[in-house]
Each structure stands twice: as structure tokens, then as C-alpha cells.
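Asker: Letter by letter, the chains look like this.
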Amino acid sequence: MDLMANTLLSAGASPAMLHTLEEIPDFTPLAHALCLNVGTLSAAWLPAMKLAADVAVRSGKPWVLDPVAAGASGFRLKACLELVELKPAVIRGNGSEIIALSKASVQPSKGVDSSHDSTDALEAAKALAQATGAIVAVSGAVDIVTDGNRVVGAHNGVAMLQKITATGCSVTALIAAFVAVDQSHTLEATAAALSVFGVASEIGMSMANGPASLRMHLIDSLHGLDENAVISRVKITSFCEEK
Amino acid sequence: MDLMANTLLSAGASPAMLHTLEEIPDFTPLAHALCLNVGTLSAAWLPAMKLAADVAVRSGKPWVLDPVAAGASGFRLKACLELVELKPAVIRGNGSEIIALSKASVQPSKGVDSSHDSTDALEAAKALAQATGAIVAVSGAVDIVTDGNRVVGAHNGVAMLQKITATGCSVTALIAAFVAVDQSHTLEATAAALSVFGVASEIGMSMANGPASLRMHLIDSLHGLDENAVISRVKITSFCEEK
Amino acid sequence: MDLMANTLLSAGASPAMLHTLEEIPDFTPLAHALCLNVGTLSAAWLPAMKLAADVAVRSGKPWVLDPVAAGASGFRLKACLELVELKPAVIRGNGSEIIALSKASVQPSKGVDSSHDSTDALEAAKALAQATGAIVAVSGAVDIVTDGNRVVGAHNGVAMLQKITATGCSVTALIAAFVAVDQSHTLEATAAALSVFGVASEIGMSMANGPASLRMHLIDSLHGLDENAVISRVKITSFCEEK
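Taken in order, these protein sequences are the chains called A, B and C. Mapping the first sequence onto this note's numbering, position 71 (from 1) lands on 71, and the numbers just tick up by one. Mapping the second sequence onto this note's numbering, position 47 (from 1) lands on 47, and the numbers just tick up by one. Mapping the third sequence onto this note's numbering, position 191 (from 1) lands on 191, and the numbers just tick up by one.
It should be emphasised that the hints constitute simulated quantities derived from the structure, not laboratory data. Predicted, not measured: the structure shown is a model, and the values here were computed from it. Glycine residues also receive a C-beta, built at the ideal position from the N, C-alpha and C atoms. Incorrect hints may appear among the rest.
[To be verified] Some chain C residues close to chain B (C-beta under 7 Å, calculated; not the full set):
#: 1; residue: S42
#: 2; residue: A72
#: 3; residue: F75
#: 4; residue: R76
#: 5; residue: N156
#: 6; residue: T165
[What the hints assert, rightly or not] DSBU-like, lysine-lysine: derived pairs with alpha carbons at most 35 Å apart:
#: 7; chain 1: A; residue 1: K78; chain 2: C; residue 2: K87
#: 8; chain 1: B; residue 1: K61; chain 2: A; residue 2: K61
#: 9; chain 1: B; residue 1: K235; chain 2: B; residue 2: K103
#: 10; chain 1: C; residue 1: K126; chain 2: C; residue 2: K103
#: 11; chain 1: C; residue 1: K61; chain 2: C; residue 2: K235
#: 12; chain 1: B; residue 1: K103; chain 2: A; residue 2: K50
#: 13; chain 1: A; residue 1: K103; chain 2: A; residue 2: K61
#: 14; chain 1: C; residue 1: K126; chain 2: C; residue 2: K78
#: 15; chain 1: C; residue 1: K61; chain 2: C; residue 2: K103
#: 16; chain 1: C; residue 1: K126; chain 2: C; residue 2: K235
#: 17; chain 1: B; residue 1: K50; chain 2: C; residue 2: K126
#: 18; chain 1: C; residue 1: K61; chain 2: C; residue 2: K78
#: 19; chain 1: C; residue 1: K87; chain 2: C; residue 2: K235
#: 20; chain 1: B; residue 1: K50; chain 2: B; residue 2: K78
#: 21; chain 1: B; residue 1: K61; chain 2: C; residue 2: K78
#: 22; chain 1: C; residue 1: K87; chain 2: C; residue 2: K50
#: 23; chain 1: A; residue 1: K235; chain 2: A; residue 2: K87
#: 24; chain 1: A; residue 1: K61; chain 2: B; residue 2: K78
#: 25; chain 1: C; residue 1: K50; chain 2: A; residue 2: K103
#: 26; chain 1: A; residue 1: K78; chain 2: C; residue 2: K126
#: 27; chain 1: B; residue 1: K78; chain 2: B; residue 2: K61
#: 28; chain 1: C; residue 1: K235; chain 2: B; residue 2: K87
#: 29; chain 1: C; residue 1: K103; chain 2: B; residue 2: K50
#: 30; chain 1: C; residue 1: K235; chain 2: C; residue 2: K103
#: 31; chain 1: B; residue 1: K61; chain 2: B; residue 2: K235
#: 32; chain 1: A; residue 1: K103; chain 2: C; residue 2: K61
#: 33; chain 1: C; residue 1: K103; chain 2: B; residue 2: K61
#: 34; chain 1: A; residue 1: K78; chain 2: C; residue 2: K50
#: 35; chain 1: B; residue 1: K50; chain 2: A; residue 2: K50
#: 36; chain 1: B; residue 1: K50; chain 2: C; residue 2: K50
#: 37; chain 1: C; residue 1: K126; chain 2: C; residue 2: K61
#: 38; chain 1: A; residue 1: K50; chain 2: B; residue 2: K235
#: 39; chain 1: A; residue 1: K87; chain 2: A; residue 2: K61
#: 40; chain 1: C; residue 1: K50; chain 2: A; residue 2: K50
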């Protein structure tokens, strides 16, 4: 939650972190977008998450789901599948998480780490997008974003991000901030957020000596990014546009 | 909570973070001061907060309230107003939070960010201090501290602190540590804590490249501060002393 | 939890952080080791902790207990004593925590900070190890590890680690990762984890300007450690081998 909040602040957004059912009706309509992350899910938090998703949709605000370790337990998978029903604008996970959601089945693994490459998850992502109407993003060596038909690849980023906890969660939060700006281009906003985070990590990596200094330089770089730095580095490709 | 604890450790204090009602009676009397922060408030935590405030007062220990986003929901405002009744020695918030408490009304805003300047909140702060007997501190471009009669301004600090999550929470925790040392000078201790944190941020800023490196240098600077560095940099002004 | 996870990632392990009773039966058997930390204990978490310990033991996986502030309240002491019954492979605490567990008595103190040196706790550690069958490690100026009979001292580390929150928690998590590799040498694995963390802190300290930069360099150094760096620096002594 700390890294997610600092990612959003560095990018110019204004995060607030809430857990409580009681304040969702007052608070959620004021937000421009909602991010739900099931990382440390507990049974008590789930009703608040569902209500927040519901209030966001009724308020015309997009919401983004991070189905952390969706396939790691039946409890977690069921919760994620219930959230998927509540019309997220974007779902972002690693390959294993997206496959678990798409197949609605528990995928034994080591937990939050993906045992699938993002390209392996392409068909699962397309199916999930078609079934839910959400944009689906799969993080990996190349990040993939799809609406179920179009598929784009976002190529920026560094491998060492996997050695820092919550970088996946943080890019999901950044997607929420980007999607808030223009709801008519959700796929583009999602790819842009992944790319901007990836570019910031590349700039950060050039100054880093390990995961902890990368974490620091990543946030500093995200704060200092200008349009030229992004444009000169960003690499987004179209995988296919037919169906 | 992480940044709050590291702030306290760097300043030479000894933090402990507790959530549970069951251990308040044993634990709270051992503390020299208590800090209650409603940042990620949940209904289940509120009884423990109230009991801790009560035990602190009965033990003759000062306690400090950080009414994070007090005006953002009816639930949160009600909780903060109930806590305010329990005799905090200090209340520290941003302008919007202090106005919400003083007017006992929800203030729609973006959440934890203040939409009011600290000077706008001056009258609200004085009224809140008079009504509660607490020292009230309002963070802003200039921090203001008042007992309802005297008003001092603490001028140290850097704008980039607003790009780091939990810096407000952390300075509130530091106020608790300062107030613990000498309960007969709570206004002075509060202004001193704000100033010391501000000076550490200024020294840190001279080495920082962005919010994340500022966060690191801030804590390092707080740990390394000596009396001369503080005295040569600190700027506290008296706004008015009449009433 | 953040520093614990980043410690494990930097050391090449794969952490997952769970709170919920409902997913323990699915998830815990997949882990190679379990770490239970009572830092911010709440009554609601305790049943999940107990079930996780039970599932780990039945799955033949080692589990490690960090009895944070065990002697600070009756509630916390009772919880820790109940966990100790569930066959931890390792218990790691500071002197005050180990004495509280060994004597099963509340030890008034300032909380998480030890008011006892690790050598003072030697007899308590040996008694606790004999009573429970666990390896017991006591952090201090010299870390002590015992099976109740053999005692070794791990001498690496720097004093400034005490100015960073969760470094004790993090070394306990690292012990869990080391113990997972070879369950037939739990004492050696525990001493090795303490030494490796200590060596990383020494290398980090040579680049640090204070607690926050030490925290960063510690994690970077842990990630970059090679066998030669460890072997050339590590200092483990045998205190006694008779009994």
C-alpha cells in the first residue's frame, strides 16, 4: 500500500486508502477511479470491496482489479471471480493470475509469482476480456493488453522489478489513475500506464545497485519524467488487430 | 506505519504499534505518549483507540490525534469527533481536516489532501483548541500551532513532502515523542517537532532527486541532526499573543 | 511486512503474505516454510496463525516464530505461549522476548526493544529450546543460537539495524527461507541466515549515511552477496558444546 501510494503521488495523482464498508458510500463517489487489490485479502474486507466496485460503477467511475495470487486458494479465486462480475474497467495480473481467472480454476503455484509467461496467457486474457468486457493486462517480459480483439504489447520495464514487492500492485494503481483521465480510451490508457512505469524503471535501473535502490530511483524517475523522455523510450507494438 | 516508526527511531524514540483492544490495559501505561491515527480506520479498531486514549489520560500520559481525512465521510468524522472528546493533548491535521473537526461537518474533497491553506484554517484551529483544551497544529506552507489564544508559525519544510505518503502521519508521531518529554510546554514541544521535521526535510531536499530519495534523506537527516543545525535553520514566528 | 518481503525477494526466496484462515488449507502446503510474526497481533489473526502452524507441521514444512514483544502484555504472552506449543522449528527474538517466553511471564519494558543483552538471555534460550525442541535464536550485540545443548554465536551485524523498524522481523523471515532448504541442519541454517543478514548490513553500513540509507544498502547488498563476500566476513563461534 505504501509503494502504491507513493507511485500515485509521484505521478501526480491523489491516493486515498480505505478499508471500511461504512465510508464507501460517502467516499467512493468523490474518487475519479477505484483500484481493488486482493493482496492481503480477508473475509471482512470483501464486502467493502464489492460495495466500492458497485458504487464506482453507479457513479460512472472506472475501477481496476488486481487479482493478486487469484489461483492460490479456492477462497481467493472465488472472491476474485465475484469481483470480476462487478464490471471492472481493467483487470491486471501476471500470467498465472489471468489464467486462473479465465479458467475459473485454482492453479497450484508458489503464490504471487507467475509460473506462466505473459504470452502463454494471451488466449486466457482474450477470453477473459470477451467474457467480462474489461480490458485485460498481463504483466511479463512483455506486457500484453487486450480488449478481447485488439492486442498490444508494452515492452518497457526491467527484470529486477520482480525483486521488489508490490511493483505489480503499483502499476495497477497507476493504470487506475490513467484510466480516470479518459474513459473512452481504456486500452490505450492501460498500455500507457504500463509503458510509463516501465520507462521509469529503465531510467531508475541505470542508477540502481540492487532492488532497494531501484525502488527509490523508480519513484524519483516517475516523478521527474517528461514527455520527451517517455516518447523517446516507449515501445508499444500491435500484436494483431483481426479477430 | 512504517515511515512513522522509522521517523521515531531516527529521532531517538522507541515506537510500538498496537491494534488490539485486549492489550491496551497492559501496554499503554508503559508508553510515555500515545499517537492515534485514523488513516485506515475500521470499525473494529475504534474501540481500541478509545480505550487507549482513556488509559493514557488516566495514566497521566499525553496523547496526540491525527484526524486523517476527518471530513471525507460521515463515519470518519463521527469517529474523530468521538476521539476529540477524550482529551487529546495535541490535534494535528491539514487545513481541511481541522476545519471539518471544528465545524463538525463533512467537507467533500479529494480525501487526504487539503483543499484549504493552513492560514485559512486559523480561526477553525483556534476555535477547536478553545473547545477542546488541546493544542491544535495545522500543516501547510506555514505550519500553525495554537492553544486557542497564542498562535505560532513554524516555517521550515519543503513542498515535496506532500509527494510522500505518511509524512503528515510521521510528524504527528514525532509531536507525540516531543510532547512526552515535557508536558508543561505542549505548545512549544509541538512547534519544535514540526520545526525539527521541517529542518530535516530541508537538509534532505538538498540531496534528493525526487520524492523517494527525499524520504530516505529526510530520515537520515533526522537521525544526524545536531543542535547547531537546528538552531541555525529553525524559523518559528509568533503570529499574535493577544486575544 | 514490506521489509520482510523485500528481504526475502533480495535473497532469492519467494514470499507470500496471508492473513486469512480460509485460505490456509490450500496455501500453506505449497510453501516451503512458514514464518509467523505477532508484531501487530489481533485476536482475529490468531486462529489463522495456529491453523497455519498446524498445517505446516502436518505437511512436513518447518515454521519459524517471531514472538515480537512477547512480554509486553498478558494477551500477547498467552498467544505466543500457545504458538510455542505448535512445534516451531525456530524461535527468534531479542533477549527480553526470549526471557518472557522461557519464564512464561510478562516483562514490563518499553515494548519491542530489548532491555536485556543477548548473553543475559542465554540460559533462558537454552531452557526454551530444551522445553520445546525448537532452535532458539537471540538477537543482540552477538546473536546466539542454541538447540538447548550446543550454543553458537553469530557476530556479524551493525548497531544501526536497531534504528530501522522490522529488521528483526526480516531476519526471522530470512531464517525461514534458509531452514526451508535443509531441515536436517536447522541450527546451522539459522546461524547462517543471521550471519548473511549481518554481513549484508556491514557492507550496507559502509555506504550508509543513516538508518534509511542503511535500509536501502542492506537490501541491495543482500541481493548482491556472493559466496566469497560471505566467507571472508562471516564470524560464527562455538560457545560450548558440552552439557
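Asker: Hint by hint, note whether the structure agrees.
Answerer: Tested hints:
Using the Cβ-Cβ criterion of 7 Å, the hint placing C/S42 at the interface with chain B is satisfied: the shortest such distance is roughly 5 Å. For C/A72, the suggested interface contact is upheld, since its CB lies about 6 Å from the closest CB of chain B, less than 7 Å. Among the interface hints, the one on C/F75 holds; its C-beta lies about 4 Å from the nearest C-beta in chain B, closer than the 7 Å criterion. Interface hint status for C/R76: upheld, as the beta-carbon distance to the closest one in chain B is roughly 6 Å, under 7 Å.
Taking 7 Å as the C-beta cut-off, the interface hint given for C/N156 is violated, the closest approach to chain B being about 21 Å. Using the Cβ-Cβ criterion of 7 Å, the hint placing C/T165 at the interface with chain B is satisfied: the shortest such distance is roughly 4 Å. Distance restraint check for A/K78 and C/K87: the Cα-Cα separation of roughly 32 Å lies within the 35 Å cut-off, and the hinted pair is therefore satisfied. For the hint pairing B/K61 with A/K61, the CA-to-CA distance comes to about 45 Å; that exceeds 35 Å, so the pair is violated.
The straight-line distance between the Cα atoms of B/K235 and B/K103 is roughly 30 Å, inside the 35 Å bound, and the hint therefore holds. For the suggested pair C/K126 and C/K103, the alpha carbons sit about 12 Å apart, so the restraint of at most 35 Å is met. Our distance criterion of 35 Å between C-alpha atoms is met by C/K61 and C/K235, whose separation comes to about 29 Å. Taking the CA atoms of B/K103 and A/K50, the gap is near 32 Å; set against the 35 Å cutoff, the hint holds.
For the hint linking A/K103 to A/K61, the alpha-carbon distance of about 28 Å falls within 35 Å, and the restraint holds. Straight-line distance between C-alpha atoms of C/K126 and C/K78 comes to about 20 Å, which keeps the hinted pair within the 35 Å bound. For the given pair, C/K61 sits about 28 Å from C/K103 by alpha-carbon distance, which is consistent with the 35 Å threshold. Distance check on the hinted pair: C/K126 and C/K235 sit about 21 Å apart at the alpha-carbon level, within 35 Å; holds.
Restraint check for B/K50 and C/K126: not satisfied, since their Cα atoms lie roughly 41 Å apart, outside the 35 Å limit. Of the pairs offered as hints, the one joining C/K61 and C/K78 holds, with about 24 Å between alpha carbons and a cut-off of 35 Å not exceeded. A threshold of 35 Å between alpha carbons decides the hint, and for C/K87 with C/K235 the separation of about 29 Å falls inside it, so the pair holds. At most 35 Å may separate the alpha-carbon atoms for a hinted pair to count; B/K50 and B/K78 meet this at roughly 13 Å.
With a C-alpha separation of about 27 Å, the suggested pairing of B/K61 with C/K78 holds against the 35 Å cut-off. Only pairs whose Cα atoms come within 35 Å are accepted, and C/K87 paired with C/K50 is accepted, the gap being roughly 11 Å. Between A/K235 and A/K87 the CA atoms are separated by roughly 29 Å; this keeps the pair inside 35 Å, and the hint holds. Simply put, A/K61 and B/K78 have alpha-carbon atoms about 27 Å apart, close enough for the 35 Å limit, and the pair holds.
A distance of roughly 32 Å separates the Cα atoms of C/K50 and A/K103; the hinted pair therefore holds under the 35 Å criterion. In summary, the hint linking A/K78 to C/K126 is not supported, as the alpha carbons are separated by about 46 Å, beyond the 35 Å threshold. For the hint linking B/K78 to B/K61, the alpha-carbon distance of about 24 Å falls within 35 Å, and the restraint holds. Between C/K235 and B/K87 the alpha-carbon distance is near 53 Å, which puts this suggested pair outside the 35 Å criterion.
Our distance criterion of 35 Å between C-alpha atoms is met by C/K103 and B/K50, whose separation comes to about 32 Å. For the hint pairing C/K235 with C/K103, the CA-to-CA distance comes to about 30 Å; that is within 35 Å, so the pair holds. The straight-line distance between the Cα atoms of B/K61 and B/K235 is roughly 29 Å, inside the 35 Å bound, and the hint therefore holds. For the given pair, A/K103 sits about 30 Å from C/K61 by alpha-carbon distance, which is consistent with the 35 Å threshold.
With a CA separation close to 30 Å, the supplied pair C/K103 and B/K61 stays within the 35 Å bound. Of the pairs offered as hints, the one joining A/K78 and C/K50 holds, with about 24 Å between alpha carbons and a cut-off of 35 Å not exceeded. Of the supplied pair hints, the one linking B/K50 and A/K50 holds, its CA atoms being roughly 29 Å apart against a limit of 35 Å. Proposed proximity of B/K50 and C/K50 is supported: the alpha carbons are some 29 Å apart, at most 35 Å.
The straight-line distance between the Cα atoms of C/K126 and C/K61 is roughly 23 Å, inside the 35 Å bound, and the hint therefore holds. Taken as a hint, the A/K50 and B/K235 pair is broken in the structure, with Cα atoms around 49 Å apart against an allowance of 35 Å. Restraint check for A/K87 and A/K61: satisfied, since their Cα atoms lie roughly 11 Å apart, inside the 35 Å limit. At roughly 29 Å between alpha-carbon atoms, C/K50 and A/K50 fall within 35 Å of each other, so this suggested pair holds.
Consistency with the previously given hints fails for numbers 5, 8, 17, 26, 28, 38, ordered from lowest to highest.
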